Every structure is written in structure tokens, then in C-alpha cells.
Amino acid sequence: MDILKLAEQNQQIAWEILKEADIIPTWESIGATVNLVGSLKSGLLMKSRDIDMHIYTDKLNIGESFSVIQRLADKLPLKEIQYINGIETEEECIEWHALYEDKDRGTWKFDMIHIRKGSKYDGTVERVTNAIIKKLTPEIRQTILQIKYDVPDGTMIPGIEIYHAVFIGNVRNYEELEQWRKTNPLTNSLDWLP
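Residues 1 to 194 (this note's numbering) make up the sequence shown, in order.
Keep in mind that the hints were calculated from the coordinates and are not lab data. Please read all numbers here as calculations on a predicted model, not as lab measurements. For each residue, glycine too, the CB sits at the ideal point set by N, CA and C. A couple of the hints might just be wrong.
[What the hints assert, rightly or not] Derived Cβ-Cβ restraints for the label pairs, each shown as a range: (1) Glu16 with Ile168: 31 to 37 Å; (2) Ala131 with Asp74: 35 to 41 Å; (3) Asn130 with Leu78: 25 to 31 Å; (4) Asp122 with Phe66: 20 to 26 Å; (5) Ile168 with Met1: 24 to 30 Å; (6) Gln146 with Phe66: 36 to 42 Å; (7) Gly63 with Glu16: 26 to 32 Å.
[What the hints assert, rightly or not] Calculated lysine-lysine pairs in the PhoX-like style (CA-CA distance at most 25 Å, straight line): (8) Lys103 with Lys79; (9) Lys135 with Lys75; (10) Lys75 with Lys109; (11) Lys75 with Lys103; (12) Lys117 with Lys59; (13) Lys134 with Lys5; (14) Lys41 with Lys19; (15) Lys47 with Lys117.
Based on the sequences and whatever the hints tell you, model everything.
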């Protein structure tokens, strides 16, 4: 398996889905700013087909947020939508998680986190994503992609934990990752930068 080729194919499909789905313009129609974060932005998309977006508005309006999701549900083959109201938490956000089925019957997950501009975590994940991109070398990228590929199906390990293990623990394969995670848990991913 050519890991780099597979990652490139996943990236290409993800960008096509974003364009076809019109997700970004739909959020922008309520005055939101949409930032791609995570694996798609960093080029580290592998088996876990998530498209992560942080969506910012001056205030969090539940009705407006629902209106965007309704429009997306009307035009996309969404299989499932999860809503989490975190407005009154320190994150000050509304989380939307939607499962989407592409034309080849592959399932993708949209993680759309609607955040109040100026809140405590405004820009945090963007800073982490950009720091990861700056530190990626061809060798580190290959290592991360291989580890992500080797994670057994059905096992969920957040990408940030893999990046932490590779950058900080010099982990080079899935077996080393398993050992690293036992003794070096990433307790607060929002405070970590590579």
C-alpha cells in the first residue's frame, strides 16, 4: 500500500466533497467565517475520514446554526446528525457532527464546531494545526500516515494523540504508539503545541 498516494486520494476526495456540498458558502451565508483544521488542512487524512471545520460568528444563535444544518440536510445525503449545545461551557460552541455518504458509498464525518468569536478557544486548534504543518518533514509525515493506517479498524485514536506521540515521544510505529499512550496520556490537547 502506497501510504502517500492513499493520503493524496483522500485529500482530493475530501476537497471535492467540500466543493460539491457547498458547506462553507452555506455557513458564510449567516455571516460566519469558516476555517478548515485538522487532518484535511495538514495533509494527514488517512483512514478516519473526518473533515474538521471551526466556524466563527460574533454571537451564537441556535436558530441560525440549525438553519444552516437544515439547508445542508435538504441537499446532502446525510445519514446522521448530532447536535451538542456547549454555549454555556467554557468552549462557547455548538457542535455539529454529521455523517455523509459519498457517491462511492464511502462514509465521511463532518465535524462543524460553531464557536463564538473572541471566546477562550478562538483560534486554538488553528494554531495547533499550523504548528503541526510547520514541523512536518517528509519522514514525519510518512510516519504519521503509516501509524494512522495501521490503527486497527474500529479503534478510535484522536489524530492529536498520534502527533503528540510522534513529535514528543519519537514514536515510529503503531506498537510504539500503544506503549507511549499508556505512560504519556495527552490530558489536554488544547494546550499542546509541537
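Which earlier hints turn out false for this structure, listed by number in ascending order?
-> Checked against the structure, the hints that fail are numbers 9, 15, while the rest are satisfied.
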